[in-house]
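Number of protein chains: 2
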Amino acid sequence: MQPNRVARILGIEKPVVQGPLSWLTDARLVAAVGNAGGLGVLGPNAGLTAATAVSTPEATAEKMREEIRKTKQLTEKPFGVNLIPTAENDIWTPAILPVIKEEGVKVVVYTGYGDGSLKPALFDELKAAGITIIYRDINPTPENSRRAEQAGADIIVATGFDEGGTLPGTALGTFTIVPLIVDAVQRVPVMAAGGITDARGARAVHALGAEGVFSGSVFISTIESRVPDSVKAKIVAANGLDLRLFRTLPDYYRALPGKLSDTLVAMDRAGASRAELAQAMGGLRGMRLGMLEGNTDEGYISVGAGIGNIHAITSVAEVVNQLAV
Amino acid sequence: MQPNRVARILGIEKPVVQGPLSWLTDARLVAAVGNAGGLGVLGPNAGLTAATAVSTPEATAEKMREEIRKTKQLTEKPFGVNLIPTAENDIWTPAILPVIKEEGVKVVVYTGYGDGSLKPALFDELKAAGITIIYRDINPTPENSRRAEQAGADIIVATGFDEGGTLPGTALGTFTIVPLIVDAVQRVPVMAAGGITDARGARAVHALGAEGVFSGSVFISTIESRVPDSVKAKIVAANGLDLRLFRTLPDYYRALPGKLSDTLVAMDRAGASRAELAQAMGGLRGMRLGMLEGNTDEGYISVGAGIGNIHAITSVAEVVNQLAV
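Chains as they are written, first to last, in numbering that gives the first Met the number 0: chain A, 0 to 324; chain B, 0 to 324.
Please keep in mind that the hints were generated in silico from the structure rather than gathered at the bench. Some clues are possibly wrong.
[What the hints assert, rightly or not] If you want the ones that stay clear, here's a sample from chain A, every Cβ over 12 Å from chain B, calculated:
#1 R4
#2 V98
#3 D114
#4 K118
#5 T173
[As the list claims (entries may be wrong)] Short, incomplete list of chain B residues facing chain A, as computed with Cβ under 10 Å:
#6 D182
#7 Y251
#8 A274
#9 E275
#10 L276
#11 G303
#12 T313
In this text, a Cβ means the ideal position worked out from N, Cα and C, and glycines have one as well.
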């Protein structure tokens, strides 16, 4: 059997990547994933709280530098940082990219977020800096996967509707999107994302042609996660059928029951527009309130549909070992 | 390795069941599945066309008797008939059930369609007649799966949002629902449904804990299917991203592009109610027009999201062999 391509490309032991959850990652979580043999990824607002968050891109980039340095103190293994370039007026990428380069970060998870966010010049800049690129489009298609591959992506992530957070507008499940993207790309490996929370799911996506697992939600309920115990307990207790689906911008979200999410579902039923729902959600502030502060009156807990397989708060190492096929 | 439980229970060689597609099945298709080692199932309006369809339950039941007899002429293998009991005013089941018994049909696919359609007395009657029951709820949950098991179901089907036709309102993908139902039932095997169209998908659902594959769409584009070549060609050419999702009663549908489905998607975007959309769809008449007659101006072609794996019109035997793990 040939060695796993994803592990080789990323310089890790096990083809498991922790998805960069906004507000929820920090050096401790990311280092734990690396030390367990996977790849941890610092997401937006890594390590920050409402009290420590800053507003300008430059100050935020310096906060990311601090978290990168903390991570390096906790592990010698590679880890990644998330970039979410926007098609226009992208103020964040120019601020954070120099920090990523200066700190010698090995991997970028490049989130493709709509037309125009897949920028060949940015791929070139990352490649020139020797950075490995994992490309994850929020609406993966054969076309944008091939475009990312051509632009220089080293790994493509195929994400299905079983995921948490911003759901694909195509509403195609993990089961469907993975083989579609596997068949579309020419030479790079495809990782699967969307509801993968145990060994069964990991084996299943490998059967579908994926060469690794990209998971977010399953890391939220780990011992090393900075999320409050009340949120971890809710995840352990729930399954996918407890999640409420609602329309929002750009497409759909799912969230556990709570005052805010109940309101959002009711608004959706009553015919509110996606823009109205997005405003009522409070964007990433709503995620911070719900998931980092456990306040589901004003915030939401959005997780993948695979939470039914999570039956206990376990260590990151146990999760990585489960997901390593 | 122990012999496959689904195959043993159904008295077949390969744990593959052809889903009972309304209007699209007939003796030829069902017998071909049986002769290939799987289980074919006659669905509503099996073998009928607009010209030969009849209106009363009794006359329709006699038409089903004719199709059952034709099937028996074409195969000595077991096959099934679909029942879709409604919670109230169920006029079809009392008409067709005696025919099923009199003709010695071995298996019933019992479609659970909303609260109250899971009727213990009907399970008892089927069991007393020695009929094997495959229970498939359109909204599978741990609760209704356990209830069906307790009522006497021999096999439970866990269907995900990757399927065609009437989609689960829970919108949980095949990837998510299969392990959830596998973990919920006590003793009977679970088959997976929803977008399973090739060997990769079959292996994946087995990895998730399923013990067999229940597929509809992949049989529509077979040589033995009575669907017109124009419809088969559209299925072969399309993938899941070509399907348009829209709300309707009871929850959601997906369909290939066409005049009617484009209208339905536009109505959905414009905020039409589910009832208005259902009326515009024309119910099963719309399926007959679109899929049996190839008229997508007035009808729709609704198939599972896994059609991207279908690259040619092949024989039923090739399909069954692909799906047999």
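These are the hints, each one checked on the structure:
1. Distance check for R4 of chain A against chain B: the nearest CB is about 18 Å away, which clears 12 Å, and the non-interface claim stands.
2. With a least CB separation of 36 Å from chain B, V98 of chain A remains clear of the 12 Å interface cut-off, as annotated.
3. Interface exclusion of D114 of chain A from chain B stands, the closest Cβ pair being 15 Å apart, more than 12 Å.
4. In this structure K118 of chain A is separated from chain B by more than 12 Å, as the shortest Cβ-Cβ distance comes to about 23 Å.
5. With 12 Å as the threshold on Cβ separation, the claim that T173 of chain A sits away from chain B is violated: the shortest Cβ distance comes to roughly 4 Å.
6. Given the 10 Å rule on beta carbons, the hint for D182 of chain B holds: about 7 Å separates it from the nearest Cβ of chain A.
7. At a threshold of 10 Å, the smallest CB-CB gap from Y251 of chain B to chain A is about 9 Å, leaving the interface hint in force.
8. For A274 of chain B, the interface hint is violated, the least distance from its beta-carbon to any beta-carbon of chain A being 13 Å, above 10 Å.
9. With a least beta-carbon distance of about 12 Å to chain A, the hint placing E275 of chain B at the interface is violated under the 10 Å criterion.
10. A cut of 10 Å between beta carbons decides the hint on L276 of chain B: the least distance to chain A is about 13 Å, and the hint is violated.
11. The beta carbon of G303 of chain B is positioned within 10 Å of a beta carbon in chain A (closest approach about 8 Å), and the interface hint is therefore held.
12. A least Cβ separation of about 17 Å between T313 of chain B and chain A goes past the 10 Å threshold, and the interface hint is therefore violated.
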